[in-house]
Amino acid sequence: MKSEQRYTLRQLNLMVRDAIEMQMPDEYWVEAELSECRERGGHCYMELIEKEEQTNTPVARASAKCWRQTWQILQPHFERVTGQPLHAGLKVLLRVYAQYHEAYGFSWIVTDIDPTYTIGDMARKRQETIRQLKEEGVFDLQRELRIPLFAKRIAVISAAGAAGYGDFCRQLEDNEYGFKFEVTLFPAIMQGEQVELSVISALNNIYEQSPNTYDVVVIIRGGGATADLSGFDTLALAENVAQFPLPIITGIGHDRDESILDMVSNTRVKTPTAAAALLIDNLRQVLERLNIAQQRISMAGHIITDARHRIEMLQQRLSVSIERIITNQKHHLSQLELLLQNYDPQRLLSRGYSITLHNGHAVRDPQQLKAGDELETRVEKGTIKSIVQ
1 MKSEQRYTLR QLNLMVRDAI EMQMPDEYWV EAELSECRER GGHCYMELIE KEEQTNTPVA
61 RASAKCWRQT WQILQPHFER VTGQPLHAGL KVLLRVYAQY HEAYGFSWIV TDIDPTYTIG
121 DMARKRQETI RQLKEEGVFD LQRELRIPLF AKRIAVISAA GAAGYGDFCR QLEDNEYGFK
181 FEVTLFPAIM QGEQVELSVI SALNNIYEQS PNTYDVVVII RGGGATADLS GFDTLALAEN
241 VAQFPLPIIT GIGHDRDESI LDMVSNTRVK TPTAAAALLI DNLRQVLERL NIAQQRISMA
301 GHIITDARHR IEMLQQRLSV SIERIITNQK HHLSQLELLL QNYDPQRLLS RGYSITLHNG
361 HAVRDPQQLK AGDELETRVE KGTIKSIVQ
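Heads up: the sequence shown runs through residues 1 to 389, numbered per our numbering.
These aren't lab readings, by the way, just hints derived from the structure by calculation. Everything hinted at is true.
The list that follows gives simulated cross-link-like pairs (lysine-lysine, DSS-like), each with its CA atoms no further than 25 Å apart:
no., residue 1, residue 2
1, 180, 270
2, 51, 65
3, 51, 125
4, 91, 51
5, 152, 270
6, 65, 91
7, 91, 125
8, 270, 134
9, 125, 270
10, 152, 180
11, 370, 385
Construct all of the structure, not just a fragment, from the sequences and the given hints.
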């Protein structure tokens, strides 16, 4: 034991460093998933992980660093291309070289990042999420709901004190029509890795107060980093929004392709102020419809009044006409009565005339009679019976 050479820890570590630098002098492209990513002192510190596809079990881990001078170039380029910052859960393709420091141990030093690789993985995950939502039959559920005509009770999910929330409230309060809205804020984290759980929690709080308490839910975001929107593409959040019993309006404040949250919501607008404008316009349309209905009712009232006046005029004319007709008919009846009186047989008898009847019929021609026929002759004061010889 005494004859064997001994080394200090630093000496041994330096030997490891030299061995690594000699055996691995090149740079390499490596595919990995970020399990952790943090910035400190202008440098970026990453924890890389590889998982087995079938079981999702980690099979490799390593630390990686991107020094300030390189990170200042790579970070904005990555965010500009992918639309989001590096964060845990992303698949990345890094160009690295091996470094072993006698005091800090081994790590990979990042010299380049290929954002197109991450875009491809993000697109694959998005398509997989959309496919799963459609298979579950929930992708279009929100669009089957209708924003109520009198949507005034608004549940808002947003970061407390966010500029976007302030803009939303001012837009509602200062509307030119004087509409009054009741706005209740349900605070949530609207950027970073905690978006999913925070927004789902806010939705649960709204539901627990009874869906009948509010007319519509508005999810808005403003004032944060426009690139940090990955939290709105998760399956769990999309499922919660898609199946929520109230119409959900999203105004997340970005111009890039729709997030999955936008896709499953009832209505998507670009900004918080656009969400407020939508609600104002909804009430404006209702007001217009009410005004039109009121005008129609007023017009109908005028029509009814005119019709009633015409009916009264017709009633008066009808009354006069009826009286005239009745008078004329009475006069006509009087004339008929006089005429009938002139033709009354009894009146003729009183004048000395007589009527001879045979079998109840007046005798007009003596040739119609024969011997033995019995006749009845009526005069003014009685009847004379005779027999034909």
